[in-house]
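Protein chains in written order, with the working numbering: chain A, 1 to 272; chain B, 1 to 374.
Since the hints were made in silico from the structure, they are not lab data. Quantities reported herein were computed from a predicted structural model and do not represent experimental measurements. Careful: at least some of the hints might be erroneous.
Unchecked claim - Restraint-style ranges between C-beta atoms, simulated for each label pair:
#: 1; chain 1: B; residue 1: Val132; chain 2: A; residue 2: Ala136; range: 45 to 51 Å
#: 2; chain 1: A; residue 1: Pro202; chain 2: B; residue 2: Pro61; range: 48 to 54 Å
#: 3; chain 1: A; residue 1: Leu179; chain 2: B; residue 2: Pro61; range: 53 to 59 Å
To be verified - Partner residues are not named here, just some residues of chain A that face chain B (Cβ under 10 Å, in silico):
#: 4; residue: Ala261
#: 5; residue: Arg264
#: 6; residue: Arg267
Stated by the list, open to error - Derived lysine-lysine pairs resembling DSS-like cross-links, with alpha carbons at most 30 Å apart:
#: 7; chain 1: A; residue 1: Lys99; chain 2: A; residue 2: Lys172
#: 8; chain 1: B; residue 1: Lys135; chain 2: A; residue 2: Lys172
#: 9; chain 1: A; residue 1: Lys99; chain 2: B; residue 2: Lys135
#: 10; chain 1: A; residue 1: Lys172; chain 2: A; residue 2: Lys34
Glycine included, every Cβ here is placed at the ideal spot set by N, Cα and C.
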Amino acid sequence: MTTTTTARSTEFTTALRQIGALARMEATLLRRNKTALINTIVMAPVLVLLLLPVVDDGAVHAAFGTHLVTLMAAFGLIFVAYYNLTTTVVARREELTLKRLTSGELSPTSVLIGTATPAAAIITGQLILTIAAAAAAFELPLPANPVLVVLALVGGLAVFALLAYASSGMTKTVEAAQLTTLPVIFGTLLASGVTFPLQAMPGPLQQIAELTPLAPVIQLLQTGFLGVDQHGEALTFAQTFTAGLVPVLVLAGWCVLGTLATRRWMRWEPRR
Amino acid sequence: MDTVIRLEDVRRSYGGRPGKGGFEAVRGVNLEVRRGELIALLGTNGAGKTSLLEVIEGIAPATAGQVRVLGKDPFRDRAAVRRRTGIMLQEAGFPAELRVFEMAGTWARTLSRPRPVPEVLAEVGLSHRADVAVKSLSGGERRRLDLALAILGRPEVLFLDEPTTGLDPESRRSTWELIRRMVGEGTTVVLTTHYLDEAEELADRIAIMDRGRIVRSGTAAQIVAEEPAGIGFVLPNSLAPMPGDGPGSVELPPLSGQHRTKPRHHGGVQHTIATRDLQRDLYRLLTWAEHHGLELAELQARSASLEQAFLTIANRGPDHTSAPSTTGSPPADTNRSHTSSVDTGRAAIGSAHRGPADNAPANYPATSPQETSV
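Given only the sequences and the hints, what does the whole structure look like? Please build it.
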């Protein structure tokens, strides 16, 4: 029993060390790639700033602050976790780095996590800065339910990273990613509720929209920060968990679908 | 106990089962490699070397049969086996913007028992290039970095897929020395190569693959011993003792070897004799020529070589059960077209003398010289 536990924990620390090595390599490469650097660090905040006047419709400050955070999360997940990670995976595959990694001690899962780690760190950092800024400028309250906020971030990162791995399989070159990622980018963004409220959609369309990958992330952030449901009704702390249940299940479902899609479509070496 | 690699009837197919649109690249390989042994896999392009190697490395699963490396299944027990093996793929890349020491450092941090990076870079002669971006390396330098990563984890078993392809002669020599040193320290090595001299130079044992099977294995000397020596010469048409020739043709003396003829484009007839008794047959032939006052143009006599053994196998013609582009019956000159498509590389034989099986039908058994004689 003890030996298996020790073996497990050794395995775990080994995996962490390997993921760290790969994450460090990816961070170095990101520093040297101007295009990717702009895409990951600058793009999302600039888009949020550009959209600020549009969303500033005189809503109450706390809601506005939350809107800022959800916008940042949406753009971060789409451009950094999804688009940028797709191009990274395609680049590593085409230059035969992925193939090399399969010849080493790293497990495929560690490779995937390690490659995504810088993106995840950037999104997390941007989100924390945005929350801090929103708290200072727009009286964003402390989250009503921090658990939901964390679940939104972790689940969103996992789902969009998995979608990126799967999309890489349909993307022949780094340039082609500009086209192949469009369906997911527009589909998730339009149906997320962040560009225009889902309540404005006809009933069935709204229900479908709530099942898309980004919508539950936005919903969890709104409920998590403001303690309200999707109609803006105030909830007790216990009720926020109930309200968060469906979005969490939707995210979990996308994690499963994303894993299956990655297994089905992601390739570790170029097609010959 | 000291068997490090054991393969039993290993098969590997691509794209479904053979016969159902699939292609079987490895078709029943048995192999045992002992600790500290270096075995070289030879074969033409498409013979299945890399497909087999990937199965032993645990990169791909075998479709059938059993693979054991260090007592474990390298695919299912990947984590345990990988800690003790080093793999140099035939083709693998690096992120272009990474520097040499960064690449090696990254790799080292993923390993359980890494050697110091500077030490390994020095061993492959890349110390002075440590700060250079990988994209600026020459092909040979990239290959040496490949090797550095493969040996970085103190492997007990080292897999090298064409380790010296693209290297200049000097780096080739130093790579050989490195490999020899590791074998001397007890590392087991499986390597594939196109260079027959490399196999002869390094290998304790050679296995020649053809169409997914190991068709010949043993030491270089053992493999060569199975091959007949060759005599070649050209006689004018008028003197050509071809079967059914009219009066005026001259009979060759009785020889122990197998005699074949082939008309030449520019006139004359190319004669080849595959013999087990080179000295005696050559003596008879020369005295016969002297007696008749004949000149044996372009005369060649050579003992068997690994190159010849290899070419004999490579030139045997396509195996109809595996022909990947079957469109009915093969063309009449299948044998010749196959010969010309074979990657003879450095092993090319002079035009005057061709392999003894050159004219042979597709199913000519390469190793039965005693079967027929003149």
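Each hint tested on the structure:
1. B:Val132 / A:Ala136: 45 to 51 Å: For Ala136 of chain A against Val132 of chain B, whose Cβ atoms are near 46 Å apart, the range 45 to 51 Å holds.
2. A:Pro202 / B:Pro61: 48 to 54 Å: holds (50 Å)
3. A:Leu179 / B:Pro61: 53 to 59 Å: Given about 34 Å between the Cβ atoms, the range is violated.
4. Ala261: violated (22 Å)
5. Arg264: Result: violated, 16 Å to nearest chain B Cβ.
6. Arg267: violated (14 Å)
7. A:Lys99 / A:Lys172: Answer holds: Lys99 of chain A to Lys172 of chain A is near 16 Å, not above 30 Å.
8. B:Lys135 / A:Lys172: holds (21 Å)
9. A:Lys99 / B:Lys135: With Cα atoms ~17 Å apart, Lys99 of chain A and Lys135 of chain B stay inside 30 Å; holds.
10. A:Lys172 / A:Lys34: holds (22 Å)
Hints 3, 4, 5 and 6 from the earlier list are contradicted by this structure; the remaining hints agree with it.
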